[in-house]
Amino acid sequence: MDVLGPNEWQAVWLSLKVATWATAATLPLGIGVAFALARWQFPGKAVLNALVHLPLVLPPVVTGYLLLLTFGRQGVIGQFLHEFGIVLAFHWTGAALAAAVMAFPLMVRALRMAVEAVDPKLEQAAHTLGASPIWVFFTVTLPLMLPGILTGLILAFAKALGEFGATITFAANIPGQTQTIPTAIYAALQVPGQEAAATWLVILSITLALSALLVSELLARQARRRLGTA
Amino acid sequence: MLDVEIRHQLGQMALDIGFTAPKGVTVLFGPSGAGKTTVINAVAGLIRPEHARISVAGHRQCDTANGIWVPPHKRQIGCIFQDARLFPHLSVRSNLTYGRWFSRRPPVSKFADIVDLLGLGLLLDRRPATLSGGEKQRVAIGRALLSNPKLILADEPLAALDEARKSEILPYFERLRDHVDIPILYVSHSIQEVARLATTVVALSQGRVLTSGTATQVLGDPVILHMGGKAAGAILHAQVICHHADGLTELNAGGQVILVPRLDQVVGSLVRIRVSAQDVILSRTPPKGLSALNIIEGAITDIRTEAGLGVVVSMGTSAGVILARLTQRSVGALGLRVGDTCHAIMKSVALAETGVP
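Line by line, the protein sequences are chains A and B.
This note's numbering numbers the first residue of the first sequence as 1 and each following residue consecutively.
This note's numbering numbers the first residue of the second sequence as 1 and each following residue consecutively.
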C-alpha cells in the first residue's frame, strides 16, 4: 500500500489512538450516566438526558465550536486546564475529546439498554446474601451488562473513528498532529491527483468499521451464551 | 426466633400482622393477596413498611418507632425465592459460595455438608441456564444456607414447579427442618405443604392473622377449611406398625388402628396423616357391612355452619381432632349435637401421608 504516504499512515494510527482513548475514557462516565438514567428518579433527569443526546442532534460543527468556546485556550475550562499544562484545542487530545463527546450518546444508549436488561430481582437476591450496594453493582449488575457494554464500546469506537465535523472544528486538520482518517480523506479530496490515496483511506475506513461491528457481534454472542440467554 | 409486627397500607388493604416464629418451619399460609409476600419482603428488608417491629434472634432489624432500619445486606437472612434467582453469569459453585464473600462470621455449615444434603455434587461446574427447575431451586436453597443466615425465608419456593418437581424438593425442606438449626419462615398457599412441613402455622387472610399455632391446632380449626379448598382437613400423628401383604400399611394413632395405602416408611417411624374434611362420613351407630376400613369413635366437640362449606363438625377422638364436612340436611337427620358420640368413617384410599412429623 505504497499509495499511502507517511502522513496518511499517521492519520490511520492517530485515528486508532484517538478512538481508543475517546472510548476508554468515556466508558466509566457512560456507565454512571446510563445507570442513573435507567434506575434513578431525580430532579433534572430530563435535562441530563437531553444534554447527553445533544451531540446526536446538533450539527457536529456546532458541537466543535462549543468545545472550542469552553475548552479552547480562551475558554473557561481551557484556561483552567492550561494552568496545568494541558492543551486540548488543535492537539490530538482535542480530537479525542471531540470524538468522545460525539460518541457519548451512542454509548449511553447502548449502556442504558444494558442496565434495563438486568433483572433487579437478581440484585435483590445478592443484597439478601450480604452484598452491599457497591458489591452488588460490581459482582452482579456489571457482569450482566457485559453484552451491552461490548455493544456500546464498539459503537462508540466506530463513531469516534469516523468523527469529522466536531474534530475538524475543534482540533483542526494538521497532518501528523490532528489529522485523522476522515479529515485526511477530506484533505486528499481537496487536492487534484490525490484520489488514489483517498480511495485507499476509504477502503481502510470501511474495513475498520466492518470488523468493529463483526467483533462486537461475536463478543456479544459469546457473552450472551455464557449468560444462557441466547 | 423471629418476632414480627407489621402495619402497612397495601393498596386497598390494611395489613396488620403480628406473630412469632419459633424453631422449625413456620408456614405463613393464606390465599394470594393475603399479604404473605409483603411480610417476607419486610422481614428481608426489601421493603420499608409504614410501621413495623421486626427482630431476628433478639437483634432488632426494623423498629420504625425508634428509627431503626438495618439494610438487607446486613440482616443475615437467607432468602429462597419462587424463581430461584441464581446468578446466570456464575457457575453453580460460585453461586453457592457467593454469600461467603460477605459473611464475617465463621461459617456455620460446611460447604461439603450442604452439597451432600442437597445432592449438588454433580452440578457444581454447570451454569444455571443448563439446570432444570428443580435443580435450580436446590442450588438456591444451598446458596441461602451457605450465606450463614440466622433465619431462612422461603417465598413459595415450590409454586413455580410441576407436581413431580415439587415432590423432588419437599424432602429437602424436611431435611432442612430436621437437620439445620436455623428457623425457617415458609410462605405457601398449599395445604399439602403446610400439612407436610409446618411446625407452626400462621394463617393469613385479608392482611390479618386468622389463626396461628401448631400445625395440628391450626389444621384442626374449622376456619382453615375456607382457605384450604378440597384438600383441607385435620392431621393425625401416627406410627407405622406393619406393612400388610395386600398393599396396606397399618398405623397406630393414639391407640386407634388406621389402614392406609402402602407407605414408604420403615416400621416404627412417625408419620402425619391428613384427613380431608370432605372425605369423612359420620355415623351415629357403629357401622357394619361397609367397605371403608377406618372407623374411629369420638365425641363431637363443635358444630359450625360455615358459609359456602355447609356444616363443619369437629370430633375429638383418641387419635386427635377430626373434621368432617356435612350438609345441613345430614346434621338435621342425624340430630347431631355437641357432646354426642359418633363414628368417623374414612376410606383408606382417601388418606394421604403428609410426611414425617
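Think of the hints as simulated: they come from the structure by calculation, not from any bench.
Keep in mind that a hint or two might mislead.
Stated by the list, open to error - Only some residues are given here: those of chain A computed to face chain B with a beta carbon under 7 Å:
#, residue
1, 41
2, 44
3, 47
4, 132
5, 141
What the hints assert, rightly or not - Here are the simulated DSSO-like cross-link-like pairs (lysine-lysine), alpha carbons at most 30 Å apart as the crow flies:
#, chain 1, residue 1, chain 2, residue 2
6, B, 74, B, 23
7, B, 74, A, 121
8, B, 166, B, 110
9, B, 150, B, 110
10, A, 121, B, 150
11, A, 121, A, 17
12, B, 110, B, 74
13, B, 23, A, 121
14, B, 166, B, 288
15, B, 110, A, 121
16, B, 23, B, 166
17, B, 150, B, 74
18, B, 347, A, 121
19, B, 347, B, 288
20, B, 166, B, 150
Every value quoted in this text rests on a predicted model; they were computed, and no experiment measured them.
By construction, the Cβ of each residue, glycine as well, lies at the ideal position given by its N, Cα and C atoms.
How the hints compare with the structure:
| no. | hint | in the structure |
| --- | --- | --- |
| 1 | 41 | violated, 17 Å |
| 2 | 44 | violated, 25 Å |
| 3 | 47 | violated, 29 Å |
| 4 | 132 | holds, 5 Å |
| 5 | 141 | violated, 11 Å |
| 6 | 74(B) / 23(B) | holds, 22 Å |
| 7 | 74(B) / 121(A) | holds, 18 Å |
| 8 | 166(B) / 110(B) | holds, 26 Å |
| 9 | 150(B) / 110(B) | holds, 15 Å |
| 10 | 121(A) / 150(B) | holds, 22 Å |
| 11 | 121(A) / 17(A) | violated, 40 Å |
| 12 | 110(B) / 74(B) | holds, 21 Å |
| 13 | 23(B) / 121(A) | holds, 28 Å |
| 14 | 166(B) / 288(B) | violated, 40 Å |
| 15 | 110(B) / 121(A) | holds, 27 Å |
| 16 | 23(B) / 166(B) | holds, 24 Å |
| 17 | 150(B) / 74(B) | holds, 11 Å |
| 18 | 347(B) / 121(A) | violated, 46 Å |
| 19 | 347(B) / 288(B) | holds, 14 Å |
| 20 | 166(B) / 150(B) | holds, 25 Å |
Hints 1, 2, 3, 5, 11, 14, 18 from the earlier list are contradicted by this structure; the remaining hints agree with it.
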